[in-house]
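Novice: If you read the sequences in order, they're chains A and B.
The first sequence begins at 1083 in the working numbering and counts up by one.
The second sequence begins at 8 in the working numbering and counts up by one.
Check the hints yourself; a few may be wrong.
Reference excerpt, derived from the structure (chain A facing chain B, CB under 8 Å, subset only) [unchecked claim]:
#, residue
1, Asp-1099
2, Ile-1110
3, Ala-1113
4, Val-1117
5, Val-1124
6, Leu-1125
7, Ala-1143
8, Leu-1160
9, Ile-1175
10, Thr-1176
11, Glu-1181
12, Ala-1182
Computed cross-link-like contacts, DSS-like style, restricted to lysine-lysine with a CA-CA straight-line distance of at most 25 Å [unchecked claim]:
#, chain 1, residue 1, chain 2, residue 2
13, A, Lys-1158, B, Lys-26
14, A, Lys-1106, B, Lys-26
15, B, Lys-224, A, Lys-1158
16, A, Lys-1101, A, Lys-1154
17, B, Lys-215, A, Lys-1106
18, A, Lys-1158, A, Lys-1106
19, B, Lys-224, B, Lys-125
20, A, Lys-1106, B, Lys-125
21, B, Lys-215, B, Lys-120
22, B, Lys-224, A, Lys-1154
23, A, Lys-1101, B, Lys-125
24, B, Lys-26, A, Lys-1154
25, A, Lys-1101, B, Lys-26
26, B, Lys-215, B, Lys-26
27, B, Lys-224, B, Lys-26
28, B, Lys-121, A, Lys-1106
29, A, Lys-1101, A, Lys-1158
30, B, Lys-215, B, Lys-125
31, B, Lys-224, B, Lys-121
32, B, Lys-120, A, Lys-1101
33, B, Lys-26, B, Lys-120
34, B, Lys-215, B, Lys-121
35, A, Lys-1154, A, Lys-1106
Hints in this document: simulated from the structure, not taken from any laboratory.
Values in this document were obtained by computation on a predicted structure and should not be read as measured data.
C-beta: ideal position from N, C-alpha, C; glycine also.
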Amino acid sequence: MSSHTVEHLEHTESPSDMKSQIWKTFWILLAFTLVDIALYFVLDPTMFRNWVFIILGVVKAFFIVSIFMHMKFERKFLAWMIILPMVLVIFLITLMVVEAKYVDDHVNKDSVAKPATEESHDTHAH
Amino acid sequence: MANSATLTTDTRSQWGGGKSPFSISYGKLMMWIFLLSDAFTFSSLLVSYGFVRYSFSGNLETPWPSPDQVFNHFPFLHGMHLPLMFVSLMTFILIFSSVTMVLAVEAGHRMAKKEVAKYMFLTIIGGAAFLGCQAWEWSQFITGSEAGKLMSDGSIFHGANLSMNEYGPVAFADLFFIVTGFHGMHVFSGVVLNIIIFIQVLNGTFEKRGHYEMVEKVGLYWHFVDLVWVFVFTFYYLI
């Protein structure tokens, strides 16, 4: 690497046990996905179950970003620079949940008040 | 930095300041910025899915379908009700191809050309397998069930397109096509990039360059595609 013909790149070092960390992360992701599938069949479809799935998804995302994408070993400033803007998404979700509740409360109630159309008698294939 | 000649070389190669900001190369930082913007795009798509779905929760005329009534097929097991099984398989394929990708990056740090090539090849196979699964999933969705759905004009409609579907609201199929289609497009570009890098690895391009950073950059993109799938899986198939 000291030769002048070879380009030198500055980068943050990986830990020496990177290989075992990769496999550990793989087993964690696999286990969490299996937990997802198990809970899908075990729990009733409630808002609580949805929150469990979302939290498990965020935890899986954390492992992918920190180990697979090497973020854990980069400078902290870089990590914050990439992760903090995602807070804006929470803002968007909050706004859209409020809007969707409005649509559900007003538009759907109005349509229920109207007489049922033919489509409501459709036989579903499943 | 023993003499001015070395200093000039360093200044040119590292962002022009002699020392790269965040101890990261320019290309890698720009890949992170791109992924951040891409994350916003996918967030918007998934949030709009959530918005439309929530606004249908009290709609009794065209209720939002339960995913396990729509995505319950598995290849070669025709007519069986197997919800979640096929997408779980797709999830495992993508997670595993993410592992082989990060192993290629790790081998690149050790300058082990043969190992990088091996793991890049496995990653390409994983990506192609995922795309094949998605094509099958789409064809199932578009073809629909044998029974179909009785439309208001008396005809029976099977499957789905952008303006009609047998499963429920029009928006259900539209959002399925745009979200999984946009993700599938990302997987496809990822596979193409991986193939380009794989060929360059075989040609010894990175060995001559002295580092395998290009593998790290496509690796970042590939893991991001996996990351997005985690959320598509959660919001489309689980919730």
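Novice: Hint by hint, say whether it matches the structure.
Specialist: Taking the hints in turn, this is what the structure says about them:
Residue-level restraint check for Asp-1099 (chain A) is violated (minimum Cβ-Cβ distance to chain B is 11 Å; threshold 8 Å). At about 10 Å, the closest approach between the beta carbon of Ile-1110 (chain A) and any beta carbon in chain B exceeds 8 Å, and the interface hint on this residue is violated. The criterion of a C-beta within 8 Å of any C-beta in chain B is not met by Ala-1113 (chain A), whose closest approach is roughly 11 Å, and the hint is violated. For Val-1117 (chain A), the shortest C-beta to C-beta distance to chain B is roughly 11 Å, which exceeds 8 Å, and the interface hint is violated.
With a cut of 8 Å, the hint placing Val-1124 (chain A) at the interface with chain B is violated, because the nearest CB-to-CB distance is about 12 Å. A cut of 8 Å between beta carbons decides the hint on Leu-1125 (chain A): the least distance to chain B is about 11 Å, and the hint is violated. For Ala-1143 (chain A), the interface hint holds, since its Cβ comes within 8 Å of a Cβ in chain B; the closest pair sits about 5 Å apart. Given hint, Leu-1160 (chain A) at the interface with chain B, holds; its Cβ is 4 Å from that chain's nearest Cβ, closer than 8 Å.
Hint on Ile-1175 (chain A) holds. Least Cβ distance to chain B is approximately 6 Å, under the 8 Å limit. Hint on Thr-1176 (chain A) is violated. Least Cβ distance to chain B is approximately 10 Å, over the 8 Å limit. Look at Glu-1181 (chain A): its Cβ gets to within about 6 Å of chain B, closer than 8 Å, so that hint holds up. The criterion of a C-beta within 8 Å of any C-beta in chain B is met by Ala-1182 (chain A), whose closest approach is roughly 4 Å, and the hint holds.
With a CA separation close to 17 Å, the supplied pair Lys-1158 (chain A) and Lys-26 (chain B) stays within the 25 Å bound. A distance of roughly 34 Å separates the Cα atoms of Lys-1106 (chain A) and Lys-26 (chain B); the hinted pair therefore is violated under the 25 Å criterion. Distance check on the hinted pair: Lys-224 (chain B) and Lys-1158 (chain A) sit about 19 Å apart at the alpha-carbon level, within 25 Å; holds. For a cut-off of 25 Å, the pair hint linking Lys-1101 (chain A) to Lys-1154 (chain A) stands: about 15 Å separates their Cα positions.
For the proposed pair Lys-215 (chain B) and Lys-1106 (chain A), the alpha carbon gap of about 33 Å is over 25 Å, so the pair is violated. With a C-alpha separation of about 23 Å, the suggested pairing of Lys-1158 (chain A) with Lys-1106 (chain A) holds against the 25 Å cut-off. Taking the CA atoms of Lys-224 (chain B) and Lys-125 (chain B), the gap is near 18 Å; set against the 25 Å cutoff, the hint holds. Using a Cα cut-off of 25 Å, the hinted pair Lys-1106 (chain A) and Lys-125 (chain B) holds, with the two alpha carbons roughly 21 Å apart.
For the hint pairing Lys-215 (chain B) with Lys-120 (chain B), the CA-to-CA distance comes to about 11 Å; that is within 25 Å, so the pair holds. The hinted pair formed by Lys-224 (chain B) and Lys-1154 (chain A) meets the criterion: a straight-line CA distance of about 16 Å does not exceed 25 Å. Restraint check: the Cα-Cα separation between Lys-1101 (chain A) and Lys-125 (chain B) comes to about 16 Å, which is no more than 25 Å; the hinted pair holds. For the suggested pair Lys-26 (chain B) and Lys-1154 (chain A), the alpha carbons sit about 21 Å apart, so the restraint of at most 25 Å is met.
The suggested pairing of Lys-1101 (chain A) with Lys-26 (chain B) is violated, with an alpha-carbon distance near 29 Å, which exceeds 25 Å. In summary, the hint linking Lys-215 (chain B) to Lys-26 (chain B) is supported, as the alpha carbons are separated by about 23 Å, within the 25 Å threshold. Using a Cα cut-off of 25 Å, the hinted pair Lys-224 (chain B) and Lys-26 (chain B) holds, with the two alpha carbons roughly 20 Å apart. Distance restraint check for Lys-121 (chain B) and Lys-1106 (chain A): the Cα-Cα separation of roughly 24 Å lies within the 25 Å cut-off, and the hinted pair is therefore satisfied.
Restraint check: the Cα-Cα separation between Lys-1101 (chain A) and Lys-1158 (chain A) comes to about 22 Å, which is no more than 25 Å; the hinted pair holds. Proximity of Lys-215 (chain B) to Lys-125 (chain B) is assessed by CA-CA distance (about 19 Å); at most 25 Å being required, the pair is judged to hold. Among the hinted pairs, Lys-224 (chain B) with Lys-121 (chain B) is consistent with the structure: their alpha-carbon atoms are about 19 Å apart, no more than 25 Å. With a C-alpha separation of about 17 Å, the suggested pair Lys-120 (chain B) and Lys-1101 (chain A) falls inside the 25 Å cut-off, and the hint holds.
Using a Cα cut-off of 25 Å, the hinted pair Lys-26 (chain B) and Lys-120 (chain B) is violated, with the two alpha carbons roughly 28 Å apart. For the hint pairing Lys-215 (chain B) with Lys-121 (chain B), the CA-to-CA distance comes to about 14 Å; that is within 25 Å, so the pair holds. Distance restraint check for Lys-1154 (chain A) and Lys-1106 (chain A): the Cα-Cα separation of roughly 15 Å lies within the 25 Å cut-off, and the hinted pair is therefore satisfied.
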